[in-house]
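A.B. asks: Sequence:
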Amino acid sequence: MRITELLSKESIALGVKVDSKDAAIDYLVNLHDAAGNISDKKTYKEGILKREEEGSTAIGEGIAIPHSKNKAVKRPGLAAMTVPDGVDYDSLDGQPSNLFFMIAAPESGSDVHLEVLSRLSMLLMDEDFRAELLKAADKDAFLAVVDKYENAKFPEETAEKPEEKAVEKAPEKKGFRVLAVTACPTGIAHTYMAAEALEKAGAKMGYALKAETNGSGGAKNILTDEEIANCDGIIVAADKSVETARFDGKPVLFTRVADGIHKPEELIQKIVDGQVPVHHEEGGRKESSSANGSVGSRIYKHLMNGVSHMLPFVIGGGILTALAFLIDTLCGFGATGGSNFGSMTPLSAFFKYAGGLAMGVMVPVLAGFIAESIADRPGLAVGFLGGILASSGNAALSGYVWAGDNLGGFQSFISKFGFVAEGGGNTVSGFLGGIAAGFLAGYVVLLLRKICSKFPKSLEGIKPTLIYPLVGMFIVAVLMIFILNPIIGLINTGLSDMLTALANKNLLIPLGIILGGMMAIDMGGPINKAAYVYGTMVLATASELVAGGAQLSDPAVQACYISMASVMIGGMVPPLGIALACIFFPKKFTKAERNSTVSNIVMACGFITEGAIPFAAADPLHVIPCTLVGAAVAGGMSAAFKCTLMAPHGGIFVFATVGNWLPYIISWLVGSVITCIMLGLIKKNAQD
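Every position in the sequence shown, counted from 1, becomes a number in the numbering used here once 1129 is added.
This list has only true hints and no planted wrong ones.
Label pairs and their computed distance ranges (CB to CB):
#: 1; residue 1: Asn1789; residue 2: Glu1355; range: 55 to 61 Å
#: 2; residue 1: Pro1475; residue 2: Ser1582; range: 54 to 60 Å
#: 3; residue 1: Gly1590; residue 2: Ser1728; range: 49 to 55 Å
#: 4; residue 1: Gly1335; residue 2: Phe1584; range: 46 to 52 Å
#: 5; residue 1: Val1727; residue 2: Lys1203; range: 46 to 52 Å
#: 6; residue 1: Thr1474; residue 2: His1391; range: 49 to 55 Å
#: 7; residue 1: His1391; residue 2: Leu1791; range: 36 to 42 Å
#: 8; residue 1: Asp1219; residue 2: Lys1813; range: 18 to 24 Å
Capping the alpha-carbon separation at 25 Å, the derived lysine-lysine pairs in DSS-like fashion look like this:
#: 9; residue 1: Lys1333; residue 2: Lys1277
#: 10; residue 1: Lys1329; residue 2: Lys1379
#: 11; residue 1: Lys1171; residue 2: Lys1138
#: 12; residue 1: Lys1264; residue 2: Lys1150
#: 13; residue 1: Lys1179; residue 2: Lys1203
#: 14; residue 1: Lys1138; residue 2: Lys1150
#: 15; residue 1: Lys1720; residue 2: Lys1329
#: 16; residue 1: Lys1198; residue 2: Lys1179
#: 17; residue 1: Lys1170; residue 2: Lys1268
#: 18; residue 1: Lys1268; residue 2: Lys1282
#: 19; residue 1: Lys1264; residue 2: Lys1282
#: 20; residue 1: Lys1264; residue 2: Lys1138
#: 21; residue 1: Lys1392; residue 2: Lys1379
#: 22; residue 1: Lys1392; residue 2: Lys1333
#: 23; residue 1: Lys1150; residue 2: Lys1268
#: 24; residue 1: Lys1138; residue 2: Lys1282
#: 25; residue 1: Lys1277; residue 2: Lys1138
#: 26; residue 1: Lys1282; residue 2: Lys1333
#: 27; residue 1: Lys1716; residue 2: Lys1813
#: 28; residue 1: Lys1150; residue 2: Lys1200
For the record, the hints were derived by calculation from the structure and aren't laboratory data.
Predicted, not measured: the structure shown is a model, and the values here were computed from it.
C-beta atoms are modelled at their ideal positions from N, C-alpha and C, and glycine is treated no differently.
Could you build all of it, start to finish, from the sequences and the hints given here?
C.D. replies: As C-alpha cells, then:
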C-alpha cells in the first residue's frame, strides 16, 4: 500500500506549535478523526499511549512515527505533521522531533501498520526527503514530495512510461563505478577505517564503490581486472606504496589515507566529475604515486613503506628476545647471567638466537623497502645492501684491506675515521644509516634509469637484472663505507652517550612525558609515527649495544627500553580513557560513540591508538588535550618507575615481558582515568 494512498489533505498539518509529547499525540489523533479514519478518539489514543509505553517511537533525526493497530480504526490511514520548533518526544537521540507520521491500522486484517512503518522508515532515511517535507509550503507540496520520493524508491509500483522503458532497456555499465585502495604503514587501523568511510560515502552518494585494503594481513577484497576496466576511476588512499601498474590508463587519484577517512565524499566526487588525471606507468615505476604531493609527503610515504615492512621483524624479533630474558629470569639467572643473560638455558638460547636474527635484518629490510618505494623493484636489492652495510659497519675491512702504507697520509685518515682502529670511531650507522641508505639507493637507481633510458632497446632486458643492481650497489657501497657510515656512526655514538646522560641525570621522566604525549596528539598521524619510529630506533640501538658487549643493566640500554615503554603506554591511554568516559559520562557522547566502548577497550589493550580518531575528529578542541595530558602522565610515570619494554608492539599481550609490569599497568590506568575525568569536565554534552 502506497503512502500517498493513506494521506489526505485533511490528515496533514504544517507549521504546528505544540509544547509536549501528549499535545503532539492529541493533535495527530484529531487529524485522523478529521480525515474519518477513526471512530473513537479516546480508544485510539489509548492504543497509541500503550505503544509508547513499550518504547518511544521517536527514532531520531527529528522523526517520530507513533502507530497503533486498534479497534477504533475504521480504515487504514496516515496523519502527518511538521513542528518547526520541535518538541520533546523522548527521542532515542535526545533531540526534539519536528516531523511526525501517525499510522492508524484496523484491528482485523493484515499488519498494514508494519508495512507502512517499514516503507516510511526507508524513505525517511533520506536526508533530502526529510528536508523537503519540512520546507513544504502547503499540503499539496507536501503530498507532491512524498509522491516523488516514493516513485523513485519503489519504481516497480508506478505505471511505466515509454521513455522509462527505453531507459530500462539501455545497457547499464556493469561493476563498481568507483574503486579504492587503502593502506597505512602499520596496516592495522587507518587502512580499514578509510575503506569503510569510502564505502559508506559511496553508498550515501549513490555510487557503487569497492575498496581494497592493504593491511598487515595482506591485501583483501582485491580489485579484479574486470572491475578496474569498467570503473570510472580509482582512489589510492595510502601512506605507503601499493601496486599501481594494474591501473595504467585509468584515472587515479593519489592521496593520504587520512583523506580517505575524513574526506571520502570529496574524493569520490572528483572521480565522478572527471577531475582526476589518467595514470601511466613508466617502466614499472609508480610514476604518479611518486610524483604526487609535496616533497615532505613523498619522503614520509617512502619512509613509512620501509617502516611498515620492517615492523614484523622488529615486533617478532623483539618479543622472542624478550621471552629469552623472561625465561632466564624465571629460572633464577637474572642476577647471575652476566653477558650470557638470555641464553642460560637451551630454550632461552633458542629464543634469543631466533629473535636476534630477526632483529638483525630490520635495518636491511627498512632500507630495501624505502628504496623499493622510490624506484620499485630495481631499488630493492640496492637498498638491502645499503642496509646491510649500515647495520654491519666497516670494522670487517679494517684488518686487511688498508694494511699497507701506499696511501701515505690518507692512510691515517681512513684507519681512524673510516674504520674501527686504535682511537677510531664507531662506523655502525644502524637505524639512521638504514634510512639514509634506503633513500640513497632509491634515487641512485632512479638516476641510473634516467641515464639508461638512452640505451638501445636491445639492452632493455639486462637493465633491471645487471646494470641497475651492479652499478647501484657499487655506488651505494662506496658512499656508505667512506661517507655515511663514519658520519652517522658518530651520530649514533652521540645518541648512546645522550641516553646514558639522560639515565644518569634522571632526565628520562621528561623524555617519557614527551614521548607519551606525542603518541596521543594525532593518533596514528605524523607526530604519533615520529614517536613510534623513535621507539623502534632506540630498540635497534639497544640491540647494537648488547651485540657490542653491553649489559642489559647498562644505563644506555635501559634508557632505550624505558623509552619504548613510554611510547607504547602513551598509545594505549587514548582509547581506554575515552571508553571509560563513555561509561561514566554518557551524556558527553552520542549513541553511536557510546556503542564503540567495547571496541575501544579492545583496541587499547592491543596498542591500537586509532580507536580514538573518530572522537578526536568530531571534537578536537576538547578531546585531544584530554588524551594528550593522560598519555603524557602515563609516559612520565612509566619512566619514573623505570618500566622497560623490549618489544615495539603487542599491548597487554606482551605485558609478561615488561620490566616492572605492575607499576606499568598502574601508570596506564592512571593516565586513562585522567583522560576520562578531563573529558567529563571539559567536554560539552553531545548533540546528534
